[in-house]
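Trainee: Chain by chain, the residues run as shown.
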Amino acid sequence: MYSEKVIDHFTNPRNVGEIEDASGVGTVGNAKCGDIMRMFLDIDDETHIIKDCKFKTFGCGAAVATSSMATELVKGKTIEEALQVTNKAVMEALDGLPPVKIHCSLLAEEAIHAALWDYAEKHDIKIEGLKKPKNDISEGEEEEDY
Amino acid sequence: MDKLIYLDNAATTKTAPEVVQAMLPYFTEYYGNASTIYDFAGKSKEAIMQARTQIADVIGAKKEEIYFTAGGSESDNWALKAAFEAYKSKGNHIITSKIEHHAILHTCEYLEKERGARVTYLDVDENGFISLEDLEKAITPETILISIMFANNEIGTIEPVREIGRIAKEHGVLFHTDAVQAFGQVPINVDEMNIDMLSSSGHKINGPKGIGFLYIRKGVKIRSFVHGGAQERKRRAGTENIPGIVGYGVAAQRAQETMEKRSAEEIRLRDHLIGRILKEIPYSRLNGDAVKRLPNNVNVSLQFIEGESMLLMLDRYGICASSGSACTSGSLDPSHVLMAIGLPHEIAHGSLRMTLSEETTLEEIDFVVDRLKEIVDRLRSMSPLYEDFMKKQK
Numbered sequence: 053m054y055s056e057k058v059i060d061h062f063t064n065p066r067n068v069g070e071i072e073d074a075s076g077v078g079t080v081g082n083a084k085c086g087d088i089m090r091m092f093l094d095i096d097d098e099t100h101i102i103k104d105c106k107f108k109t110f111g112c113g114a115a116v117a118t119s120s121m122a123t124e125l126v127k128g129k130t131i132e133e134a135l136q137v138t139n140k141a142v143m144e145a146l147d148g149l150p151p152v153k154i155h156c157s158l159l160a161e162e163a164i165h166a167a168l169w170d171y172a173e174k175h176d177i178k179i180e181g182l183k184k185p186k187n188d189i190s191e192g193e194e195e196e197d198y
Numbered sequence: 016m017d018k019l020i021y022l023d024n025a026a027t028t029k030t031a032p033e034v035v036q037a038m039l040p041y042f043t044e045y046y047g048n049a050s051t052i053y054d055f056a057g058k059s060k061e062a063i064m065q066a067r068t069q070i071a072d073v074i075g076a077k078k079e080e081i082y083f084t085a086g087g088s089e090s091d092n093w094a095l096k097a098a099f100e101a102y103k104s105k106g107n108h109i110i111t112s113k114i115e116h117h118a119i120l121h122t123c124e125y126l127e128k129e130r131g132a133r134v135t136y137l138d139v140d141e142n143g144f145i146s147l148e149d150l151e152k153a154i155t156p157e158t159i160l161i162s163i164m165f166a167n168n169e170i171g172t173i174e175p176v177r178e179i180g181r182i183a184k185e186h187g188v189l190f191h192t193d194a195v196q197a198f199g200q201v202p203i204n205v206d207e208m209n210i211d212m213l214s215s216s217g218h219k220i221n222g223p224k225g226i227g228f229l230y231i232r233k234g235v236k237i238r239s240f241v242h243g244g245a246q247e248r249k250r251r252a253g254t255e256n257i258p259g260i261v262g263y264g265v266a267a268q269r270a271q272e273t274m275e276k277r278s279a280e281e282i283r284l285r286d287h288l289i290g291r292i293l294k295e296i297p298y299s300r301l302n303g304d305a306v307k308r309l310p311n312n313v314n315v316s317l318q319f320i321e322g323e324s325m326l327l328m329l330d331r332y333g334i335c336a337s338s339g340s341a342c343t344s345g346s347l348d349p350s351h352v353l354m355a356i357g358l359p360h361e362i363a364h365g366s367l368r369m370t371l372s373e374e375t376t377l378e379e380i381d382f383v384v385d386r387l388k389e390i391v392d393r394l395r396s397m398s399p400l401y402e403d404f405m406k407k408q409k
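Those protein sequence lines, which keep their order, are chains A and B. Residue 146 in the numbering used here is what sits at position 94 of the first sequence, and the numbering runs on without skipping anything. Residue 304 in the numbering used here is what sits at position 289 of the second sequence, and the numbering runs on without skipping anything.
With the rest of the complex left out, here is chain A (with noise of 0.2 Å):
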């Protein structure tokens, strides 16, 4: 059912850990719905330029695979680019998911937005075009009906 990338980066995932003293760190998720996504960003001050991401991860296949996907695309870019990197940018990198598992990678970009959240927040700053993150994707998704 999956990929060839996404059990690679299932198996193999980068990035894994925490960053002490993280400029900025977001959770999202519940374990109502079995994944909960906690993204740690080490953002140069000056430059806005992410320099590391590590992430954790509770759940299936894909919440893995998508937030080491989502690590390797935000790390070295810049706040602005980083939040250019949406669910689909992360999907079409892993050569794409299961319709199922298609939350994983919203969940993913929002971990990266919560995680900007915190540092804009620590820092007084306002990020254009980043909302308020939503800590639970899954409220008002249609539960579909196999």
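Quick caveat, the hints were computed from the structure, so don't treat them as lab data. Source: prediction; values computed, not measured. Check each hint, because a few of them may be wrong.
What the hints assert, rightly or not - Derived, one-sided and incomplete: chain A residues facing chain B with beta-carbon distance under 8 Å:
(1) Thr63
(2) Pro65
(3) Val68
(4) Thr79
(5) Ala83
(6) Lys84
(7) Gly86
(8) Thr109
(9) Phe110
(10) Gly111
(11) Cys112
(12) Val116
(13) Trp169
As the list claims (entries may be wrong) - Straight-line Cα separation of at most 27 Å, DSSO-like style, residue types lysine-lysine; simulated pairs:
(14) Lys152/B x Lys224/B
(15) Lys294/B x Lys113/B
(16) Lys128/B x Lys236/B
(17) Lys184/B x Lys96/B
(18) Lys183/A x Lys129/A
(19) Lys224/B x Lys78/B
(20) Lys186/A x Lys407/B
(21) Lys178/A x Lys140/A
(22) Lys184/B x Lys152/B
(23) Lys84/A x Lys406/B
(24) Lys152/B x Lys105/B
(25) Lys388/B x Lys84/A
(26) Lys224/B x Lys184/B
(27) Lys407/B x Lys174/A
(28) Lys294/B x Lys77/B
(29) Lys249/B x Lys236/B
(30) Lys236/B x Lys78/B
(31) Lys60/B x Lys224/B
(32) Lys18/B x Lys57/A
(33) Lys307/B x Lys294/B
(34) Lys183/A x Lys84/A
(35) Lys174/A x Lys406/B
(36) Lys294/B x Lys60/B
(37) Lys84/A x Lys409/B
(38) Lys186/A x Lys406/B
(39) Lys129/A x Lys186/A
(40) Lys236/B x Lys84/A
In this text, a Cβ means the ideal position worked out from N, Cα and C, and glycines have one as well.
Fit chain B to the known structure of chain A by using the hints.
Mentor: Structure of chain B alone, referenced to chain A:
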């Protein structure tokens, strides 16, 4: 170890070689339609009769009370829908439990929505047992059917079927049991247990897929499920799946003959597996009853990790298992059985079911536990839930 370790025998089993051998002649040699009159088809008729007897013997039934179907789900659908139709003039109330297979639960929902049934879904306790007191209290003059599974497919709990049968009989209510996981695994006697209808499926006992039966006690009024020819005493039309029926008969007889020795060995390995997990993996728990459980069923929850990632990791070692996590249920909710026994979501998501077979070895079990320990460590090291929990501990 570089081979398949198949621990998903509650999902399906390997067809036994002697079952396949018994089936083969009925494809190319004795392929006659059992509804015809020429001599050639005699072999086909005999074969069906023999399988019916082999199966009836396992549950102490008469051979005329065994009706072949395409499997467990069809049997469950038939039992509920057709009994409801036949007895609705008497009442519209059905009693079942919250931990039934979806073949029962979704059929009940259909009967409620479309046919005017009223259904009571009994709660279960933390080990998955229904309460006999609740059952008795739920019976009303309108109650026409009780359908409680013999043993649960996820957590392996064996329900107090004998007592349920006694209560049903005392109140003059029909008793159906979904015995898909129990038939051929634990002793069943339909007379001693007052069972009026029983569902079973061939592929759970080393028989072929696509064949099942519904036991219907003589005297139970039940409508036909498939209309057409006169097969199965006019109750289930359609040319018989003779190779399937033959294989099922052999598998049933084989399961009965090997039951005592097989289950003793499975229980030994099962308890070894459970024992090692609970002892060697912290924050683990057994789901279901420790004693009144199917000989081959192990269901544990490993806290702070999610089931599907565990399955994917096990799969890399050739280990086949299953989980009740949302990601494996096709919805956002974890298994209804694990929710019904009161597990919080995050613990239900971390469930792992391993179901053994007669071929499972101690060496395999030990290999699985050793790998599982590594997998759990690895997944916990990347789990934010575990991180939070450990920080709180300090």
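Trainee: Could you tell me which of the numbered hints above are not met by this structure, giving the numbers in increasing order?
Mentor: When the structure is compared with the hints, numbers 13, 14, 15, 26, 28, 36, 40 turn out to be violated.
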